[in-house]
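One letter stands for each residue in the lines below.
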Amino acid sequence: MVLLPPSAGGVTPWWRNRRLIPWLVQAAVGLVVLVLIAFLVGNLVANLSAAGLLLSWGWIDNPSGFDIAETLLPFDASLPYWRALLAGLVNTLRVVLAGLIGATVLGTLVGTASFSSNGLLRGLARVYVEVIRNIPLLLQLIFWYFVVFLALPDGIDAIQLPGLVLAKSGLFLGNPELVNGVWQAPLRFTVEFGALLTGLVVYTGAFIAEVVRGGIASVPRGQWEAASSLGFAPLLTLSRIVLPQALRVIVPGLNSQYISLAKNSSLAVACGFTDLYSVSETTLNQTGRAVEVMLILLGSYLVIDLVISALMNGLNGLVQLRER
Amino acid sequence: MLRKFVSLLPLIAALALVGCASEEGGIQSQKMATIKSRGKLICGVDGKLPGFSFVGPDGNYSGLDVDVCRATAAAVLGDPNKVDYRDLNSSERFAALASGEVDLLSRNTTYTLSRDAAGGNSLNFAPTVFYDGQGLMAPNASGVKSLKDLSGKPICVESGTTTELNLADRMREIKATYTPLKFQTGDQTYAAYLGGRCVAVTSDRSQLAAKRTGFPDPAAHSLLPDVLSKEPLSPATVNADPAWSDAVRWTVFALMQAEELGITKANVDAKVAEARANANLADLRRFLGVEGDFGKQLSMPADFVVQAVKAAGNYGEIFERNVGSGSKLKLDRGYNRQWKDGGLIYSPPFR
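Residue numbers (numbering that gives the first Met the number 0), protein chains in the order written: chain A, 0 to 323; chain B, 0 to 350.
Among the hints, erroneous ones may be present.
Unchecked claim - Keeping only pairs whose Cα atoms sit at most 30 Å apart, straight-line, the calculated DSSO-like set for lysine-lysine is: (1) Lys167/A / Lys47/B; (2) Lys167/A / Lys152/B; (3) Lys174/B / Lys167/A; (4) Lys81/B / Lys35/B; (5) Lys167/A / Lys147/B; (6) Lys144/B / Lys229/B; (7) Lys144/B / Lys167/A.
In short, the hints are calculated from the structure, not lab data. The structure presented is a predicted model; accordingly, all values stated were derived computationally and were not measured.
Produce the entire structure from the sequences given, and follow the hints as far as they go.
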């Protein structure tokens with residue numbers, strides 16, 4: 000440690016030492032913060048124990064006693080709460096992952112379409128963005144679920160294509176059969192999943208389209224002109240010259256849209272999809288362990304978003320201009 | 000860095016102070032004092048369930064659960080209209096009560112061990128005001144006649160209810176698979192059912208009957224004969240304030256006792272006059288607060304029983320007006336008859 004002053008002459012008193020003083024101040028502030036945190040935590044623990052709500056985790060191994068409609072992991076009511084929460088988390092990750100891919104594709108298409116030479120396409124892209132991003136997501140989810148998906152025909156009247164059936168009970172893939180009035184197939188997506196995914200993709204897609212549009216607009220006009228004077232076709236210009244440069248602007252913007260999508264997936268309760276939030280809500284109600292369940296919920300979404308953020312920051316590093 | 004910390008300090012200090020405030024709990028009924036100083040009772044209700052709590056065309060709440068709120072407000076504050084209602088869905092109701100956002104939860108809530116226990120939801124239940132059972136409703140056209148017919152089919156259910164658990168239990172017993180479609184609010188649940196997403200919807204039988212009155216074609220839906228569970232619906236308060244819980248409990252008992260004694264909204268004043276005139280009617284005098292100090296023991300006005308009955312009528316009147324013969328629901332009193340008539344409505348003695 001180089002805390003003490005060099006004793007050149009030994010004339011500088013410690014309280015005037017330029018290196019020592021900042022350290023002391025930092026230490027004092029740090030101490031105050033620590034004391035405050037200790038006080039707040041102590042206060043929390045005291046109040047929680049007074050209310051009989053002190054953190055305990057024993058309940059997490061108790062049988063949950065409720066069922067979950069669709070899960071990737073096998074689940075039934077005799078399995079413990081942590082398995083239920085895990086099944087909910089997997090459902091959340093499933094819809095987030097599918098949503099990220101769908102919203103990126105849709106957003107990129109619409110974003111590039113707004114630079115199309117076709118006026119109709121440009122206009123449609125504008126209308127889509129302006130309408131969708133100005134209506135609350137919750138309303139859109141309720142619309143997709145109750146108005147669009149629940150209006151699908153069911154049973155024998157379902158929309159049948161080779162190897163595919165779209166009915167009120169869901170999308171069935173791979174030789175669906177009608178057994179006892181209920182469609183059955185190896186691969187099945189419920190309309191609840193469908194409505195949530197559609198809502199998230201359409202909503203986030205509009206924001207991503209704007210990010211993409213901004214990114215493309217940031218590439219100087221001269222790049223287009225230079226490319227076309229070298230004989231590049233418009234599509235090739237876009238994919239080889241403009242988009243790689245636009246990515247530097249697009250990726251940071253995408254990051255926050257991806258994070259929003261992950262958080263917005265918790266609106267699944269509006270359309271009956273059993274995600275992490277939905278399972279947590281039932282768990283909270285049955286066990287009364289509000290603080291613990293909320294901690295799990297907060298922690299899960301935080302980790303999901305931090306992971307997305309870290310990945311996007313990595314991607315950002317890759318697409319940045321490397322100067323020699 | 001230092002500046003940032005310093006600028007945060009007042010905020011941190013303020014947070015710490017806020018944390019402290021909750022420590023100052025009273026020993027006697029803090030809640031009662033709060034209600035009196037506020038001049039209003041805050042009552043958590045469903046708000047969308049005809050017969051129990053529903054906002055009518057005139058903008059006023061009515062129903063059996065609402066009458067419990069009104070009677071309590073009348074007993075404590077002397078005015079049945081001094082109630083603020085909060086509409087709560089099944090998932091948020093306990094948190095609203097525990098956090099003190101509502102004073103009283105009168106929202107067709109089932110009395111269960113885990114909700115009562117200090118290690119569970121830590122509520123305190125008032126006497127059951129409606130003995131119910133869980134049932135199922137299906138469209139007549141679906142051909143579903145019993146629980147067994149629902150094997151492999153989707154069933155709509157409100158999340159965070161005992162209903163959700165009972166359904167899982169019963170279906171496990173008969174080894175049937177099914178798809179539970181869970182919704183956060185009753186409105187969404189019944190909208191999905193009417194949209195044809197599920198073959199049946201499950202809830203308390205009284206609630207199914209109540210919701211059916213609002214369907215486009217009520218006659219096209221039937222309740223299945225299966226009764227899946229016992230659902231004693233009771234008002235609830237928090238465990239932490241026993242004096243307030245007692246006040247609510249004995250207000251509800253007063254409504255039941257009034258019916259037993261033949262005291263109605265119409266004749267309660269005459270009964271008071273009768274009790275005043277005749278010193279030999281000791282039971283009646285104590286019950287109506289003409290003599291004794293029951294009100295004082297509960298930190299309520301001496302005439303709290305009179306006020307409660309004047310506000311809502313006795314239990315029988317409340318039942319018939321909201322869910323019985325005087326209502327659209329036309330429910331039979333069934334288990335909700337007085338004990339003398341073979342039912343379960345029984346008030347302990349007022350002595």
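Now for the hints, and whether the structure bears them out:
A threshold of 30 Å between alpha carbons decides the hint, and for lysine 167/A with lysine 47/B the separation of about 27 Å falls inside it, so the pair holds. Simply put, lysine 167/A and lysine 152/B have alpha-carbon atoms about 13 Å apart, close enough for the 30 Å limit, and the pair holds. Restraint check: the Cα-Cα separation between lysine 174/B and lysine 167/A comes to about 25 Å, which is no more than 30 Å; the hinted pair holds. Of the supplied pair hints, the one linking lysine 81/B and lysine 35/B holds, its CA atoms being roughly 11 Å apart against a limit of 30 Å.
For the suggested pair lysine 167/A and lysine 147/B, the alpha carbons sit about 22 Å apart, so the restraint of at most 30 Å is met. At most 30 Å may separate the alpha-carbon atoms for a hinted pair to count; lysine 144/B and lysine 229/B meet this at roughly 21 Å. Between lysine 144/B and lysine 167/A the CA atoms are separated by roughly 22 Å; this keeps the pair inside 30 Å, and the hint holds.
Against the hints set out earlier in the document, no violation occurs for any number.
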